[in-house]
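Undergrad: One-letter residues, chain by chain:
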Amino acid sequence: MTGAIWVVVERAGNGARRVSLEALGRAAALGGEPTAVLLGADAAAAAPALAPYAKRVLAVEHPALADAATTAQARVLAELARARAPRAILAGATAWGRDLLARLAARLSAGYVPDAVELSAGADGALEAVRPVLGGRAYARLAFRGDGPRLVALRPNAGPVPAPGAPGAIERVAADAGAAALPPRVVERRPAPGGPVDLSEADAIVAAGRGVRGPEGFAVAEQLAAALGGAVGASRAAVDAGWRDHAAQVGKSGRTVSPRLYVALGISGAVHHRMGMDTARTVVVINQDPNAPFFRHADYGLVGDLFQLVPALAEEIRRRRGR
Amino acid sequence: MKIVVLVKQIPDPEARVAVGADGGPAALQVEDRWCTSFFDEVALEAALGLRQRHGGEVVAVTAGGGKAVDALRRALAFGADRVAQLDDPALAGADGLGVAAALAAFVRREPPDLVLAGRQALDDEAGVVGPAVAERLDWPHAADAVALEADPAARRIRVERTVDGGREVLELPLPALITAQKGLATPRVPQVTGVMKAMRAKIDRLDLAALGLSPADVAPRTAVLGYRPPPSRKPVRMIEADFPENVRTLAALLCDEAKVLG
Chain P
3 MTGAIWVVVE
13 RAGNGARRVS
23 LEALGRAAAL
33 GGEPTAVLLG
43 ADAAAAAPAL
53 APYAKRVLAV
63 EHPALADAAT
73 TAQARVLAEL
83 ARARAPRAIL
93 AGATAWGRDL
103 LARLAARLSA
113 GYVPDAVELS
123 AGADGALEAV
133 RPVLGGRAYA
143 RLAFRGDGPR
153 LVALRPNAGP
163 VPAPGAPGAI
173 ERVAADAGAA
183 ALPPRVVERR
193 PAPGGPVDLS
203 EADAIVAAGR
213 GVRGPEGFAV
223 AEQLAAALGG
233 AVGASRAAVD
243 AGWRDHAAQV
253 GKSGRTVSPR
263 LYVALGISGA
273 VHHRMGMDTA
283 RTVVVINQDP
293 NAPFFRHADY
303 GLVGDLFQLV
313 PALAEEIRRR
323 RGR
Chain E
52 MKIVVLVKQI
62 PDPEARVAVG
72 ADGGPAALQV
82 EDRWCTSFFD
92 EVALEAALGL
102 RQRHGGEVVA
112 VTAGGGKAVD
122 ALRRALAFGA
132 DRVAQLDDPA
142 LAGADGLGVA
152 AALAAFVRRE
162 PPDLVLAGRQ
172 ALDDEAGVVG
182 PAVAERLDWP
192 HAADAVALEA
202 DPAARRIRVE
212 RTVDGGREVL
222 ELPLPALITA
232 QKGLATPRVP
242 QVTGVMKAMR
252 AKIDRLDLAA
262 LGLSPADVAP
272 RTAVLGYRPP
282 PSRKPVRMIE
292 ADFPENVRTL
302 AALLCDEAKV
312 LG
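Protein chains in written order, with the working numbering: chain P, 3 to 325; chain E, 52 to 313.
Please note that the accuracy of each hint is not assured.
Taking lysine to any residue and the SDA-like style, the derived pairs with C-alpha atoms no more than 20 Å apart in a straight line are [to be verified]:
(1) Lys310(E) with Gly324(P)
(2) Lys310(E) with His299(P)
(3) Lys57(P) with Arg109(P)
(4) Lys285(E) with Leu304(E)
(5) Lys118(E) with Arg133(E)
(6) Lys285(E) with Gly263(E)
(7) Lys285(E) with Thr281(P)
(8) Lys53(E) with Asp164(E)
(9) Lys310(E) with Arg283(P)
(10) Lys310(E) with Thr284(P)
(11) Lys285(E) with Asn293(P)
(12) Lys285(E) with Lys57(P)
(13) Lys285(E) with Pro295(P)
(14) Lys310(E) with Arg322(P)
(15) Lys285(E) with Cys306(E)
Here are some chain P residues the structure puts well away from chain E; computed CB gaps all over 10 Å [claimed, not checked]:
(16) Ala104
(17) Ala123
(18) Glu173
(19) Pro193
(20) Arg215
(21) Lys254
Simulated from the structure, these hints should not be mistaken for lab results. Being a predicted model, the structure only gives us computed values, none of them experimental. Glycine included, each C-beta is placed from N, C-alpha and C at the ideal position.
All chains should be built: construct the whole structure from the sequences, respecting the hints.
TA: Rendered as structure tokens:
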């Protein structure tokens with residue numbers, strides 16, 4: 003099966019977010035022509051960094067396409083997709099990627115699977131995607147119907163970052179000026195109260211709950227997260243108590259995360275919490291209550307005083323990682 | 052301000068879930084317990100707050116038959132002025148895009164200054180309907196709002212929203228669609244008198260024809276081929292050694308067995 007598979011690249015500084023590279027790897031594995039689509043004022047300048055991961059880079063340069071401008075981005079991408087008829091359009095299942103693909107799907111009336119953990123092609127080349135539903139308690143396998151490109155938002159950490167290869171061709175594409183200056187307009191950006199939180203792509207997440215006893219208790223979570231090169235999350239109880247911003251909340255009414263390592267500190271493990279992290283590869287639970295239900299859903303369990311255990315664990319991990 | 056709120060009745064997030072052995076499209080078994088999706092209640096509460104400040108009207112709408120109507124009764128118990136149920140046999144098999152097409156047609160008939168919705172429903176967690184309704188209407192949208200400041204006279208609204216890594220403040224012209232994140236408002240516990248009144252309320256129902264749509268307009272673009280249970284984890288390994296040996300053992304297992312310290 004041939005045909006271009008587009009990946010709408012999410013920018014991170016001068017490069018791309020890792021999930022965008024994972025998606026380009028997935029596009030190549032499907033036997034399509036992996037095509038990176040870059041949007042923004044400096045799209046062409048950013049293109050060389052993406053070229054080793056794609057057969058082709060489409061750089062759509064327009065100042066109105068930056069950042070939160072999903073209205074304009076969806077409009078420009080829809081025009082481009084109608085003209086070039088890619089087989090599929092992928093993005094990372096991040097806040098931005100999901101916003102954009104939902105709008106694009108509506109504009110193109112094209113089938114869309116948000117938050118897929120698997121994407122494969124059948125013998126006839128037809129794409130199928132698998133996504134968790136009902137808080138990860140069942141996995142649904144979906145096929146596409148109707149015409150048009152297939153749209154899929156891929157959950158971060160669901161596949162490897164491909165090795166860079168021979169750089170693909172870079173093509174500059176003119177954007178329709180009519181899409182310029184569409185709202186919304188960004189007025190201000192600031193880090194979340196209590197420090198920046200970016201859980202979606204974190205390799206390791208250290209989450210803390212009631213067991214850390216107060217906002218100061220998060221210091222041990224910070225310490226371990228720093229040793230792991232990871233991010234800090236929180237349970238609903240900790241967020242509702244005002245110990246942490248709700249951007250950090252993992253679970254049903256918070257974020258869904260999928261890190262390689264998830265360490266839960268003083269979290270009992272209610273269903274609503276586990277719904278947000280069940281696809282983590284390795285789960286460690288540290289709790290002073292040996293009967294905490296979370297132990298039944300963990301790979302490794304440690305019972306004891308987390309204020310003693312966690313700093314020591316952080317130290318041991320720093321030593322092993324040689325930093 | 053006239054505000055339309057999109058609401059959905061879903062299986063209770065703590066209802067029991069099982070996946071039948073045949074793994075087909077009918078294999079998903081969910082316990083018969085229902086509630087209104089949490090983020091939709093946040094959106095509704097935020098709409099009622101805007102009505103209190105700026106006056107106007109709050110209209111709740113849902114798409115679907117069966118239990119769907121209970122989300123509207125809940126909205127009435129909260130204090131919504133009006134509700135509407137979009138119910139048509141063709142909507143039974145619709146995906147998020149089909150539902151969005153029907154909801155957008157309803158919004159166009161009203162039309163409000165603002166549409167509020169939950170950031171995603173807690174059953175399929177798709178987050179498609181809000182942005183897709185906005186796109187169908189050619190309106191701007193802002194997702195994951197944690198604070199709103201409307202200026203109805205100037206026809207604009209300021210939205211503080213969560214983004215990966217922090218907060219962002221957006222300004223949108225009205226009409227616009229905004230999806231609610233936890234923290235935008237705290238859903239009330241409706242009073243018994245309100246609940247009783249809502250139980251007796253007559254609910255307006257509109258089919259696709261009344262919305263000026265045909266079944267083709269809501270035809271699904273995806274189809275569920277089957278379900279499977281989530282991958283299961285090995286039984287937990289409890290580390291029983293004393294401190295500090297237990298910590299060393301755990302670090303060694305994470306490094307050599309789980310290989311997550313690379």
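Undergrad: Among the hints numbered above, which are violated by the structure, and what are their numbers in rising order?
TA: 3, 6, 12, 16, 19, 21
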